[in-house]
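When the letters of the sequence shown are read in order and numbered with the numbering used here, they come out as residues 20 to 390.
Since the hints were derived computationally from the structure, they do not count as laboratory data. Because the structure is a prediction, the values reported are computed rather than measured. Yeah, the Cβ is synthetic: ideal placement off N, Cα and C, and Gly gets one too. There could be a bad hint or two in this list.
Claimed, not checked - Ranges of calculated distance between the beta carbons of each label pair, as one might list FRET restraints:
| hint | residue 1 | residue 2 | range |
| --- | --- | --- | --- |
| 1 | 201 | 301 | 27 to 33 Å |
| 2 | 276 | 307 | 40 to 46 Å |
| 3 | 293 | 234 | 14 to 20 Å |
| 4 | 267 | 293 | 16 to 22 Å |
| 5 | 231 | 276 | 20 to 26 Å |
| 6 | 234 | 195 | 29 to 35 Å |
| 7 | 179 | 360 | 48 to 54 Å |
| 8 | 285 | 146 | 35 to 41 Å |
| 9 | 138 | 276 | 24 to 30 Å |
Said to hold, decoys possible - Quick list of in silico lysine-lysine cross-link-like pairs, DSSO-like style, CA-CA up to 30 Å:
| hint | residue 1 | residue 2 |
| --- | --- | --- |
| 10 | 177 | 279 |
| 11 | 177 | 296 |
| 12 | 279 | 294 |
| 13 | 324 | 296 |
| 14 | 390 | 296 |
| 15 | 279 | 326 |
| 16 | 294 | 266 |
| 17 | 324 | 234 |
| 18 | 296 | 279 |
| 19 | 390 | 234 |
| 20 | 266 | 326 |
| 21 | 241 | 390 |
| 22 | 241 | 294 |
| 23 | 177 | 266 |
| 24 | 234 | 294 |
| 25 | 177 | 323 |
| 26 | 359 | 177 |
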Amino acid sequence: MEDSKPGHSQEPQQVKQITASPGTKTASKSSSAESLRGTVTYPFGSEQPVIEADPETLAVENDTDSTFGHDSASSTQSMRPSQWDYTYENGRRYHSYGSTPYFSPNDEPENDRLDICAHMFSLLMDGELHYAPIGNDPQRILDLGTGTGIWAIDMADKYPSAFVIGNDISPVQTNVIPPNLQFEVDDIEQEWQYSYQFDFIHCRYLNGAIRDWPKLVQQAFKYTKPGGWVEFMDFTMTFYTNNGEFKPGCAIDMWTRELKAWLASIGVEAEPGPKLKGWITDAGFENIHERNVALPVGMWPKDKKFKEIGTFNLIQFLENLEGFSLRAMTSRGWDIDEIKVFLATVRNEFKNPKFRMQHDGYIIWAQKPAK
20 MEDSKPGHSQ EPQQVKQITA SPGTKTASKS SSAESLRGTV TYPFGSEQPV
70 IEADPETLAV ENDTDSTFGH DSASSTQSMR PSQWDYTYEN GRRYHSYGST
120 PYFSPNDEPE NDRLDICAHM FSLLMDGELH YAPIGNDPQR ILDLGTGTGI
170 WAIDMADKYP SAFVIGNDIS PVQTNVIPPN LQFEVDDIEQ EWQYSYQFDF
220 IHCRYLNGAI RDWPKLVQQA FKYTKPGGWV EFMDFTMTFY TNNGEFKPGC
270 AIDMWTRELK AWLASIGVEA EPGPKLKGWI TDAGFENIHE RNVALPVGMW
320 PKDKKFKEIG TFNLIQFLEN LEGFSLRAMT SRGWDIDEIK VFLATVRNEF
370 KNPKFRMQHD GYIIWAQKPA K
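When you get a sec, could you build the whole thing from the sequences and use the hints?
Dropping the structure here:
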């Protein structure tokens with residue numbers, strides 16, 4: 020991974036929006052790119068450039084025997100010792116510690132998916148580990164919802180001056196870590212018990228995991244040093260298209276509505292991204308920066324960077340489609356056979372490049388007042 024330069028304080032280069040362009044059999048020959056759905060405000064003052072769809076990719080018919088034709092259960096990680104009893108449902112393992120049930124498992128296929136996501140985030144951020152200008156020698160860094168711990172490990176390597184804590188509700192992290200890193204198991208929705216504050220608190224990709232986001236952000240404010248920084252990254256679960264064949268009411272749309280309905284029924288925020296800036300402002304942070312991005316799903320973008328991001332995004336959905344779905348959908352009355360038949364249709368739609376799917380991401384970094 021290519022790390023950012025220590026103390027990097029310049030605004031990051033604006034990420035391009037993804038829009039459809041000619042190339043499919045049904046597309047027009049117009050040379051102008053089509054505008055993205057709705058209006059997104061970008062804080063850096065320049066109009067977003069567009070990314071064209073790749074005609075060669077879009078010309079390929081939907082191939083159900085393609086590379087992404089099945090859920091891979093292969094693992095690149097060894098099983099890790101657990102200090103907690105787990106819950107097992109429908110052949111998948113879930114965490115049993117903490118106050119909030121989570122729709123995704125914490126077993127090896129899910130951990131592999133999280134590692135894929137970490138690589139995708141690195142591509143999205145051009146190798147940067149963070150955008151917040153935290154200086155050359157931060158002393159304490161906290162990673163909320165660290166998952167497999169890749170980001171925390173990279174930060175500990177990059178900043179040997181810092182003591183880094185990776186916090187997660189599941190003990191699924193590797194034991195081979197830098198000497199200045201500690202992993203801990205805790206429920207971040209409960210009251211934090213640290214006796215010190217942090218120079219930098221980082222939190223990404225916890226949609227579907229948190230009941231009380233305002234409280235979480237307020238605790239981050241409390242435990243950030245005066246003059247210190249926080250950075251949040253999260254994504255919506257709502258897909259849309261730029262003149263592709265994806266339409267409301269398709270299997271993927273129904274799938275996301277089922278997941279969001281279950282999360283709402285247990286009081287969990289499904290899509291925190293659009294609300295993050297408001298919560299961060301209300302908590303008392305200042306010097307707030309926001310970047311809104313559109314993430315493709317699939318290999319349809321023409322731009323090399325976004326084609327790679329879209330490929331890994333597609334893989335992370337296909338690798339654990341059942342993992343996303345089983346707990347939520349069985350809780351809503353689906354039986355296992357119904358789910359498997361339905362997910363076969365969802366999987367085929369994910370693999371169809373003519374859908375040109377994308378969803379939105381939000382990255383916000385902000386500073387606690389020095390006084």
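Legend entry - Hints that the structure is at odds with (numbers, increasing): Hint check: 2, 10, 17, 23 and 26 fail, others pass.
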